[in-house]
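Based on the provided sequences and hints, a complete structural model is requested.
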Amino acid sequence: MNCDDARHLIHLDAGDDLRTEEQTQLAAHLELCSDCQSYRSGMTGAMSALMVLRDLPEAVSESRLPSVWPAVARDIRRLKIGSEKVRRFNLQVVALSVCSLALAVVTMVQSLSSLRGSLNQSEGFVPAQSVSNSAVPAYPQDARPPQTSTFNPPHHPSMPQSF
Amino acid sequence: MLRMSASDKGDPELDASDFPESGEAPSASEVRLVHAARNGDAEAFGELVQRYERRVLKVVRRFVPELEYATDLVQESFLRAWERFEQFDPSRRFGPWLFRLAVNLTYDHLRKVRRRGRWARFSDAKEGHTPDPTVKDPRVDLDLSQEVQMVLAEVPEAYRSVLILRDLEGFCTSDVAAITERSEATIRWRLAEARRMFREAWERRERRAEVQRLSADDSGSEL
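Here the protein sequences come in this chain order: A and B. At position 155 of the first sequence the residue is numbered 155 (the numbering used here), and the sequence of numbers has no breaks. At position 54 of the second sequence the residue is numbered 54 (the numbering used here), and the sequence of numbers has no breaks.
Hints listed in this document are in silico derivations from the structure and should not be mistaken for laboratory results. Honestly, I wouldn't trust all of these hints.
Distance windows between CB atoms, simulated [what the hints assert, rightly or not]:
1) B:H35 / A:G42: 45 to 51 Å
2) B:S183 / A:S100: 52 to 58 Å
3) B:S27 / A:S48: 31 to 37 Å
4) A:V106 / B:K112: 53 to 59 Å
5) B:L144 / A:P70: 34 to 40 Å
6) B:E66 / A:N2: 44 to 50 Å
7) A:V86 / B:N104: 24 to 30 Å
8) B:D108 / A:D35: 40 to 46 Å
9) B:L110 / A:R88: 34 to 40 Å
10) A:Q37 / B:R207: 18 to 24 Å
11) A:Q37 / B:E154: 24 to 30 Å
12) B:P90 / A:S48: 38 to 44 Å
13) B:S91 / A:N2: 38 to 44 Å
Pulled a few chain B residues facing chain A out of the computed Cβ check, cut under 10 Å [said to hold, decoys possible]:
14) G46
15) W82
16) E83
17) G170
18) R188
19) E193
Note that the Cβ used here is the ideal one computed from N, Cα and C, for glycine as well.
What follows is the structure, given as structure tokens:
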């Protein structure tokens, strides 16, 4: 182990963070290296200065402070109310959209059927269903039923008599 | 549950309820509380808050000494924990997750403060009290602590946080790893580097103090 490795271990050793095998390695190096021994004592001094902060009275007097829970609980209630409002608003938006869509569909269907009715009236056409259900004939009794048209091509001299 | 270092266990000021149990696994009651709180039980969450608040405040005050700001940050940390409970993995421990939220919020706060160009004093020294010769002057320790705090501030943030969590707050390296979301090997390496940096900064400060003392002696002898 060289001194750089040993110093890395010294830094860890300052806070009791060495594993057993590392402790053994470091101890073996320190026995032989006086520079690292003095480095280690310097490290101990710096760490004891740092420990002044750990033992500060201000840092441990928080036990006398009131709990933050009432304030947190108030915020949670506010959050719940807020999210409930948002949820209700979203539901209202969805309901309104569905209603509008339904209204639009109904209006469209109505306008389509009225349009079809007016078209049928203008052509004098009565739907077949209404004919079968009512006694009113589809066309006047005395009128001739419509003839089915047959194709009678005009005779032409160049055309054969039969196909 | 967060484990204690030997130094924490011996601290009479720390209440045992701050550390409900040591070891890897959380206590059964805590698992129950966390489960209930995750399902929206505010009462259970309140119990968790009361269990952890002092410890969280203590950690936050290591970074933000002003009590008012620190309390606000603690409050915000718990609120965030409540809001993000569905993101918490129940197979893991609640403590490190909560501390991670608190430390991250604290970092955000410090960044904001830094952006505003302010700097936080370590502690508010009480002035105007009558000195009692039988009582050790607390300002002696305060001065030293302020100096140590200033030296600590010279250590880069990523290293300083590891140093604070491990050496000042006594979290074990696996907990520090969980809080900072780094591997344990990284934390060990950072810890060694942080101590080296602190030591170097401390020695620089001692040298500066020595030079100032010598120059003050020189100017005194000239008079």
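For each hint, the structure was consulted:
1. B:H35 / A:G42: 45 to 51 Å: holds, 50 Å
2. B:S183 / A:S100: 52 to 58 Å: Given a distance of about 56 Å, which is inside 52 to 58 Å, the answer is holds.
3. B:S27 / A:S48: 31 to 37 Å: holds, 35 Å
4. A:V106 / B:K112: 53 to 59 Å: Holds, since V106 (chain A) and K112 (chain B) (Cβ atoms, about 56 Å apart) stay within the stated range.
5. B:L144 / A:P70: 34 to 40 Å: Holds, since L144 (chain B) and P70 (chain A) (Cβ atoms, about 37 Å apart) stay within the stated range.
6. B:E66 / A:N2: 44 to 50 Å: holds, 45 Å
7. A:V86 / B:N104: 24 to 30 Å: Cβ of V86 (chain A) to Cβ of N104 (chain B): about 26 Å, so the range 24 to 30 Å holds.
8. B:D108 / A:D35: 40 to 46 Å: holds, 43 Å
9. B:L110 / A:R88: 34 to 40 Å: At 39 Å between Cβs, range holds.
10. A:Q37 / B:R207: 18 to 24 Å: Holds - the Cβ-Cβ distance for Q37 (chain A) and R207 (chain B), about 21 Å, lies within 18 to 24 Å.
11. A:Q37 / B:E154: 24 to 30 Å: For E154 (chain B) against Q37 (chain A), whose Cβ atoms are near 26 Å apart, the range 24 to 30 Å holds.
12. B:P90 / A:S48: 38 to 44 Å: holds, 41 Å
13. B:S91 / A:N2: 38 to 44 Å: holds, 43 Å
14. G46: At about 5 Å, which falls below the 10 Å cut-off, the nearest Cβ of chain A leaves the hint on G46 (chain B) intact, so it holds.
15. W82: This interface hint holds because 6 Å falls under the 10 Å limit.
16. E83: Hint holds; E83 (chain B) Cβ to chain A Cβ min 7 Å, cut 10 Å.
17. G170: With a minimum Cβ separation of about 8 Å from chain A (threshold 10 Å), the hint on G170 (chain B) holds.
18. R188: holds, 7 Å
19. E193: Nearest chain A Cβ about 7 Å off; hint holds.
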